[in-house]
Amino acid sequence: MKGISPMKHPVTASPAADHKAGLESGEKIVRIGCGAGFATDRIDPAVDLANRGQLDYLFFEGLAERTLAHSYLARQQNPAAGFNPTLERRIAAVLPGCHENGTRILTNMGAANPEAAGHAIAALARKLGIHGLTIAVVEGDNITSTLRPEMRLLESGELLSTISSRIVAANAYLGADPIIEALETGADIVITGRVADPSLVVAPLVHAFGWARDDWNRLGAGTLIGHLLECSCQVTGGYFADPGYKDVKNLAYVGYPLAEVSEDGSAVITKLPQTGGCVTPLTVREQMLYEVHDPGAYLTPDVSADFRRVRIEEVAPDRIRVAGALGQQRPAQLKATIGFDGGFLAETEISYAGPGAMMRAHLAKAVLEERMLNLHHCQYAIRYDFIGLNALHGTAGISGPEPLDIRLRAAMRSTDQDMCRTLLEEMEALWIAGPAGGGGVRGQIRPSITTQSVLIDRSLIKPVIKVIEA
Amino acid sequence: MSRTVKLREIASARAGDKGNISNIAVWAYAAQDYPAIKAALTAQRVKTAFPDIFKGRIDRYELDALGGLNFVIHDGLEGGVNASLNLDSHGKSFSFLLLGLDVEI
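Residue numbers (my numbering), protein chains in the order written: chain A, 1 to 470; chain B, 1 to 105.
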């Protein structure tokens with residue numbers, strides 16, 4: 001660990017970009033790819049991007065709302081843990097290609113322990129024989145010491161003091177600013193904890209193009225690109241196929257996305273040749289509103305982005321140009337997610353098949369229900385589903401014809417681990433004590449995290465950049 | 001002459017979650033079908049179709065130029081990932097609830 005090292009990459013120039021795409025026209029193009037859209041995403045498509053993408057930047061997003069709290073629990077068990085368990089495997093796979101091609105890596109997979117992740121990656125680089133690597137770590141998202149009982153929870157409207165459950169983690173969504181600062185150190189790899197997902201793209205774009213920090217329209221455009229890329233293949237044909245309606249070629253080897261970004265914030269969203277999947281106006285439209293509420297005000301720490309006038313145009317097969325995203329001044333406060341100990345989630349299942357399967361599954365449910373309620377005096381709500389009939393849409397009042405093969409599922413949330421165990425044991429007992437022909441019992445009890453949000457003043461958040469030389 | 005079709009025949013949809021709020025964006029395959037979808041698939045229609053699961057307010061955002069409607073369904077995820085006992089606690093499959101609806105075109 002050292003202090004801030006001299007800048008290897010000047011702020012206004014991205015040397016890597018200059019000899020890549022866009023050279024012919026003289027226009028500077030920044031190429032940025034997404035190698036992961038969730039914590040345990042595939043690794044092979046990212047390796048392909050690293051090797052063949054001629055990328056300036058490759059980023060990995062891996063922090064869903066609850067992921068981070070689970071990471072803090074892991075860090076409590078082991079002070080050297082708390083970052084994404086796949087991170088070392090992931091970086092080991094892409095580092096040779098990235099190093100060879102001058103591609104800088106950004107990731108929020110530092111999770112609950114970005115500094116430990118940085119040291120682990122430094123050790124890894126040395127082991128791979130890659131020397132002179134600079135790793136910058138962004139911390140300061142952890143706000144547990146900043147929480148005050150009088151803070152109001154966004155979802156419930158209640159005061160923080162009214163929540164009796166144990167707080168496991170509390171993290172503010174940092175924006176592009178500290179990531180830009182990390183890039184300005186010349187770092188080859190930037191590792192963060194909680195940052196807003198699109199900021200992993202906005203930061204390198206601001207860094208590469210020298211966009212002003214209050215150029216809201218460009219920040220809005222960068223946020224759109226980040227939003228389109230951040231779920232990896234969800235913009236290249238993943239979460240999309242509906243055979244006969246939306247067919248996707250070679251889905252098994254769906255390519256992960258990259259954007260070729262122009263200085264004005266417009267971009268071509270594409271994927272590598274000879275990969276599966278597709279990039280079409282519809283894959284881009286679908287992903288543009290994924291997890292978005294008001295398309296006129298998509299709030300991040302960097303900007304209030306406006307997607308309402310976005311133009312989406314197919315310029316060639318698998319090459320979709322997006323332009324026209326706008327932005328307005330960024331929110332005054334930052335959102336923070338607080339993770340609470342949510343007890344346990346117990347789930348257990350048994351299957352019945354052949355003639356009368358449905359009747360036998362109903363009988364199994366009746367036996368389980370009777371024993372949990374009247375023998376074990378279980379006070380917790382148990383949900384029973386018939387998988388194959390209407391498990392997912394049953395609550396919506398939808399049911400289908402009787403299937404050949406039915407799976408009874410029981411699910412319960414509780415702080416009482418013993419009662420969770422009882423539910424699993426009662427299901428297992430149906431092997432021998434339930435209706436005829438019951439098979440395939442599986443059950444698990446998992447610790448559960450619940451989350452709420454608070455807004456916090458920017459002035460209370462002090463990001464810290466640390467530089468590690470490998 | 002108008003006819004009734006399943007929404008799936010003329011539109012695609014994608015569902016996402018934030019807490020206990022589901023958002024489902026519906027996109028017309030063909031621009032000429034968008035006005036009919038916009039007329040038929042009101043927020044009220046969606047609410048009325050699935051009152052047992054979509055319990056809160058539904059806001060509809062319209063992207064006319066791109067042929068899309070974004071439904072933001074409050075209290076629409078049986079508690080969401082935090083609390084739901086639904087196997088699909090994110091409501092990823094809820095896009096197909098909407099695609100199963102009949103619309104007149």
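A portion of the hints provided could be inaccurate.
[Claimed, not checked] Example chain A residues on the side facing chain B (calculated, C-beta under 10 Å, incomplete):
hint, residue
1, R152
2, V292
3, R311
4, V315
5, A316
6, R319
7, D341
8, G342
9, E347
10, L389
11, A396
12, I398
[Stated by the list, open to error] With a cut-off of at most 30 Å between alpha-carbon atoms, the simulated BS3-like pairs for lysine-lysine come out as follows:
hint, chain 1, residue 1, chain 2, residue 2
13, A, K466, B, K38
14, A, K335, A, K246
15, A, K335, B, K18
16, A, K462, B, K92
17, B, K38, A, K246
The hints are simulated quantities; they were obtained by calculation from the structure and are not laboratory data.
Note that the coordinates shown come from a computational prediction; the quantities given were computed from them, not determined experimentally.
We put the CB at the ideal spot given by N, CA and C, even for glycine.
Checked hints:
Annotation: interface hint on A/R152 violated; nearest CB of chain B at approximately 15 Å, more than 10 Å. For A/V292, the suggested interface contact is upheld, since its CB lies about 7 Å from the closest CB of chain B, less than 10 Å. At its closest, the beta carbon of A/R311 sits 8 Å from a beta carbon of chain B; the interface hint therefore holds under the 10 Å criterion. This hint is violated: A/V315 has a C-beta 17 Å from the nearest C-beta of chain B, more than the 10 Å allowed.
The interface hint given for A/A316 is violated, since its Cβ lies 20 Å from the closest Cβ of chain B, which is over the 10 Å cut-off. Interface hint at A/R319: violated, since its Cβ lies 18 Å from the closest Cβ of chain B, which is beyond the 10 Å cut-off. Annotation: interface hint on A/D341 violated; nearest CB of chain B at approximately 12 Å, more than 10 Å. A cut of 10 Å between beta carbons decides the hint on A/G342: the least distance to chain B is about 7 Å, and the hint holds.
Here the hint on A/E347 is kept, as its CB sits about 8 Å from the closest CB of chain B, short of 10 Å. Evaluation of the A/L389 hint against chain B yields a violated restraint, the C-beta minimum of about 12 Å exceeding 10 Å. Contact between A/A396 and chain B, as hinted, is supported at the beta carbon level, the nearest pair being about 4 Å apart and thus within 10 Å. A cut of 10 Å between beta carbons decides the hint on A/I398: the least distance to chain B is about 7 Å, and the hint holds.
Restraint check for A/K466 and B/K38: the C-alpha separation of about 52 Å exceeds 30 Å, so the hint is violated. Restraint check for A/K335 and A/K246: not satisfied, since their Cα atoms lie roughly 36 Å apart, outside the 30 Å limit. For the proposed pair A/K335 and B/K18, the alpha carbon gap of about 13 Å is at most 30 Å, so the pair holds. With a CA separation close to 36 Å, the supplied pair A/K462 and B/K92 exceeds the 30 Å bound.
For the hint pairing B/K38 with A/K246, the CA-to-CA distance comes to about 21 Å; that is within 30 Å, so the pair holds.
Figure legend: structure checked against the earlier numbered hints; hints not met, in rising order: 1, 4, 5, 6, 7, 10, 13, 14 and 16.
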